[in-house]
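**Student:** The opening position of the sequence shown corresponds to residue 1 in the UniProt record's numbering, with each subsequent residue numbered one higher.
None of these hints come from the bench; they were simulated from the model. Every residue, glycine too, gets a C-beta built ideally from N, C-alpha and C. Heads up, some of the hints might be wrong.
[Claimed, not checked] Derived CB-CB ranges, DEER-like:
(1) H92 - L8: 40 to 50 Å
(2) A159 - A68: 27 to 37 Å
(3) T131 - I74: 26 to 36 Å
(4) R90 - L56: 22 to 32 Å
(5) L56 - L78: 46 to 56 Å
(6) A75 - R182: 11 to 21 Å
(7) P70 - R182: 20 to 30 Å
(8) L19 - L192: 17 to 27 Å
(9) R177 - A141: 26 to 36 Å
(10) R93 - P143: 42 to 52 Å
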Amino acid sequence: MPTPAVLLGFVAATITLVLVPGPNLVYILTRSLTQGRRAGFLSALGVEAGTLVHVLAAVAGVSALVAASPTALIAVRLAGAAYLVYLAVRTHRQSAGLDLTSGVGSRPVRLFLDGALINVLNPKVLLFFLTFLPQFVPAGADPVTTRTHLLVLGAVGFAVALALDLAYVQLSAPLHRLLTRRPRFVGWQRDLAVIVYLGLAAYTVLTV
1 MPTPAVLLGF VAATITLVLV PGPNLVYILT RSLTQGRRAG FLSALGVEAG
51 TLVHVLAAVA GVSALVAASP TALIAVRLAG AAYLVYLAVR THRQSAGLDL
101 TSGVGSRPVR LFLDGALINV LNPKVLLFFL TFLPQFVPAG ADPVTTRTHL
151 LVLGAVGFAV ALALDLAYVQ LSAPLHRLLT RRPRFVGWQR DLAVIVYLGL
201 AAYTVLTV
């Protein structure tokens, strides 16, 4: 098990990293601002469920295999970008009478799965866990100790990241209520979501 000092250092590092805006946070806030707190909460749960998948993949050695194959990394990157484009198209095709701010048309399971898939299909998250978590594992640790440390650190990181994501969603709730009172926002909310999803898709393809 990681020592209290290691856990404290890991939590501090995780908080610092999560507070820096990235694709996951942009996605969660977009859902929150355009569809409300419920959509934001479910999206955050999905994103961090994807984090757990990355942790388990790192522990099982799957992430290392993918990272060692340029073809596999490109495939994951393109799949992630394609899913974001799919989200943009799906949002754009929603009927004109559908009000995104009400959350209608976005089932809880769909919101959760969208968040999870966006995170799982992000190769940068995969590479991040391969380089970040091992820094907090004792040098020369045996395989069992290494896996135990990675699992504990991954669970702690999941809890910290989820708490911060939910805090962002909660803080964005007043802004969502304010914006939904403005007819102009209701008119271009769908376009905003489409632009964000396409921007995230481009970011996924163009960055390593």
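**Student:** For every hint, state whether the structure bears it out.
**Tutor:** Hint by hint, here is what the structure shows:
Taking the beta carbon of each, H92 and L8 are about 46 Å apart, inside 40 to 50 Å as hinted. As the Cβ distance of A159 to A68 is approximately 30 Å, the hint placing it in 27 to 37 Å holds. Taking 26 to 36 Å as the suggested C-beta distance range, the pair T131 and I74 does not conform, at roughly 19 Å. As the Cβ distance of R90 to L56 is approximately 28 Å, the hint placing it in 22 to 32 Å holds.
Between L56 and L78 the beta carbons are some 23 Å apart, a value that contradicts the proposed interval 46 to 56 Å. Checked against the hint of 11 to 21 Å, the C-beta distance between A75 and R182 comes to roughly 42 Å, which is inconsistent with it. Checked against the hint of 20 to 30 Å, the C-beta distance between P70 and R182 comes to roughly 47 Å, which is inconsistent with it. A C-beta distance of roughly 23 Å is found between L19 and L192, which places it inside the suggested range of 17 to 27 Å.
R177 and A141 have their C-beta atoms about 50 Å apart, which leaves the hinted 26 to 36 Å range violated. With their beta carbons about 49 Å apart, R93 and P143 fall inside the hinted range of 42 to 52 Å.
Checked against the numbered hints above, the structure violates hints 3, 5, 6, 7 and 9; every other hint is satisfied.
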